[in-house]
Amino acid sequence: MQLFDELKTLGQKHIKADKNAQQSVPSGVWLACPKCKKSVYHKDLGVYITCPNCGYGFRISSRQRLEWLTDSFSEMDQDLQTADPLDFPDYAKKIEKAQRATDLNDSVLTGVAKIGEQEFCLGIMDSKFIMGSMGTVTGEKITRLFEYATEHQKAVVLFTASGGARMQEGIFSLMQMAKVSQAVYAHSQAGLFYLSIITDPTTGGVTASFAMQGDIILSEPHALIGFAGKRVIEQTMHQKIPEDLQDAENILNHGFIDAIVKREDEKKTIVWLLEMNQGKAGEQSS
Amino acid sequence: MALRNEPRKGGRAVIVSLFSKKQRTAGEIVAAARDGQKVTGQELLAEIFPDFMEMHGDRLNDDDPSIVGGLAHFTGRAVTVLVIDKGTSAKDRIAKHFGSPAPAAYRKSLRLIKQAEKFERPVLAFINTAGAYPAASAEEQGQGEAIARNLLGIAGVKVPLLTVIYGEGGSGGALALACGDEVWMSENSMYSVLSPEGFASILWKDASKSDEAAEVMQLTPEALLKANIIEGIIPEPNAHKRFCKNIIQILRPELEKLEKLSPDELVAQRKARFRKF
Ligand SMILES: [Zn+2]
Chain A
58 MQLFDELKTL GQKHIKADKN AQQSVPSGVW LACPKCKKSV YHKDLGVYIT
108 CPNCGYGFRI SSRQRLEWLT DSFSEMDQDL QTADPLDFPD YAKKIEKAQR
158 ATDLNDSVLT GVAKIGEQEF CLGIMDSKFI MGSMGTVTGE KITRLFEYAT
208 EHQKAVVLFT ASGGARMQEG IFSLMQMAKV SQAVYAHSQA GLFYLSIITD
258 PTTGGVTASF AMQGDIILSE PHALIGFAGK RVIEQTMHQK IPEDLQDAEN
308 ILNHGFIDAI VKREDEKKTI VWLLEMNQGK AGEQSS
Chain B
23 MALRNEPRKG GRAVIVSLFS KKQRTAGEIV AAARDGQKVT GQELLAEIFP
73 DFMEMHGDRL NDDDPSIVGG LAHFTGRAVT VLVIDKGTSA KDRIAKHFGS
123 PAPAAYRKSL RLIKQAEKFE RPVLAFINTA GAYPAASAEE QGQGEAIARN
173 LLGIAGVKVP LLTVIYGEGG SGGALALACG DEVWMSENSM YSVLSPEGFA
223 SILWKDASKS DEAAEVMQLT PEALLKANII EGIIPEPNAH KRFCKNIIQI
273 LRPELEKLEK LSPDELVAQR KARFRKF
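These protein sequences, in sequence, are chains A and B.
Those letters in the first sequence? Residues 58 to 343, by the working numbering.
Those letters in the second sequence? Residues 23 to 299, by the working numbering.
Excised from the complex, chain A in its bound form (with noise of 0.2 Å):
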């Protein structure tokens, strides 16, 4: 059962096996959609590991979705490690911990992909790594992959998933996001796309930098958009908030995103756009 023991680490909040169909059937193959409720028999989650009746992608890890999104892929930056800038307690145990659990060395995958004969720079944050949460070498893994990016004049295509900064780090956590900024300016200026992909969360520092600094910003069915956790924004203006106030089809009705695409549609639409924002870079090499 490796694909339920995924899920079940994955999104254990979000997935309750249905009590009524566990009595008919082995327990652990029935989940509860987080966003429509609907039971699903985990086979017809299918390899997208959607829901079959609402879009709604599960949360799966960088190197699951890259099973089906590329080619090929080269990773980069797999071995840089963060500085422990606060010196935190226990936080070098939870970064290991968090390792093994993905096969990660931070809460992003960077490198070089291919679909077709399309290359372009790809970044995937996995939801895995305490939260998708910006560290250090999040933010440093980014930045190199739009300089490397701006040096061979490639695009760049980068999946957010974060629960936001990385508290352990504090304020260089912060700082993440105006370096990226910075980075992502100069990728910008040089005419070379970048299309951001928000996937189920992204929140915080990183809903406030990169993933809102797109040319063009696409999203997951139902994702989970905002800048204010939902607890904060209750515990702060003491209102209780509407349950769909940061999915994604609420954020594409005030007009903060493109498109909402499909998981099995992304691999197509991907490549379709990077043909049609080549702008100047692409014309000279074609």
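Keep in mind that the hints were calculated from the coordinates and are not lab data.
Remember, it's a predicted structure, so these values are computed and weren't measured experimentally.
Honestly, I wouldn't trust all of these hints.
BS3-like, lysine-lysine: derived pairs with alpha carbons at most 25 Å apart [unchecked claim]:
{"hint": "1", "chain 1": "B", "residue 1": "Lys231", "chain 2": "A", "residue 2": "Lys150"}
{"hint": "2", "chain 1": "B", "residue 1": "Lys267", "chain 2": "B", "residue 2": "Lys282"}
{"hint": "3", "chain 1": "B", "residue 1": "Lys227", "chain 2": "A", "residue 2": "Lys150"}
Example chain B residues on the side facing chain A (calculated, C-beta under 10 Å, incomplete) [as the list claims (entries may be wrong)]:
{"hint": "4", "residue": "Tyr155"}
{"hint": "5", "residue": "Glu161"}
{"hint": "6", "residue": "Ile176"}
{"hint": "7", "residue": "Ala177"}
{"hint": "8", "residue": "Gly194"}
{"hint": "9", "residue": "Gly195"}
{"hint": "10", "residue": "Ala196"}
{"hint": "11", "residue": "Phe221"}
{"hint": "12", "residue": "Val238"}
{"hint": "13", "residue": "Pro275"}
{"hint": "14", "residue": "Lys298"}
Glycine included, C-beta positions come from ideal geometry on N, C-alpha and C.
Place chain B with the ligand on chain A using the hints.
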């Protein structure tokens, strides 16, 4: 005399003078940063600038008063000023969400920064905010997008942007105006990724451990200076007028230094400032 980093080869963290005050705990500095007797945004505008005209609106469909923006003279030159203000009267405070800017405030500030660039005016920003406005309305108006656009837009601005944190510097809501060329902090101020209460409740499930959190977070001016996050600390006596004079004295030479750089040098130096983190 201000505490600051003196430039030197291969690094710049040299503290040239120290305050005579006795060492305070991080928790005490947090309390001082939030003190109700603290200088207000309106006082800064009145004391630092001989003239000031407020400019409203984000030119989309909104005006948020928590960031007061406009034009003024600073030591003889025209500048654009942005001040996050917590408000004074009860009505004012509510209108300004107690100094937590809504997206329209960030959009207005970026509009005024771009205008400053067009007319080659430096920008001076003053920050005192617990963070960006955490409301359902702000989410739907694109709080994340507004801050993201400031970070991207300011990255390439061809005029100097100097920032003074004079109270709370709360997370992305502060960074949106602190992503320029220099950041200075007043003695009684803090700058952090999250409030110490929030930090304690997330990491230790206990908001009452906020003093302990403040210590660990390195949010004091001295800790941030040591970490090269800021350029220096501005002495902040109880007398507000004296504090404003200190700000003028410190910003003036810093601005003159930045004005000598070509636009390309300025943007490159700004990039290098953040690249090291
Ligand atoms: Zn569903």
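Hint by hint, here is what the structure shows:
1. Lys231/B to Lys150/A: The hint holds at about 22 Å.
2. Lys267/B to Lys282/B: It holds: about 23 Å lies between the C-alpha atoms, which stays within 25 Å.
3. Lys227/B to Lys150/A: Holds, at about 19 Å.
4. Tyr155: Status holds, d = 8 Å.
5. Glu161: With a closest approach of 6 Å, the glutamate 161/B hint holds.
6. Ile176: Holds, about 8 Å.
7. Ala177: 4 Å, holds
8. Gly194: 4 Å, holds
9. Gly195: At 9 Å from the nearest chain A Cβ, glycine 195/B passes the 10 Å test, so the hint holds.
10. Ala196: At 9 Å from the nearest chain A Cβ, alanine 196/B passes the 10 Å test, so the hint holds.
11. Phe221: 6 Å, holds
12. Val238: 6 Å, holds
13. Pro275: Interface hint status for proline 275/B: violated (24 Å vs cutoff 10 Å).
14. Lys298: 8 Å, holds
Violation of the numbered hints given earlier is confined to hint 13; every other hint is satisfied by the structure.
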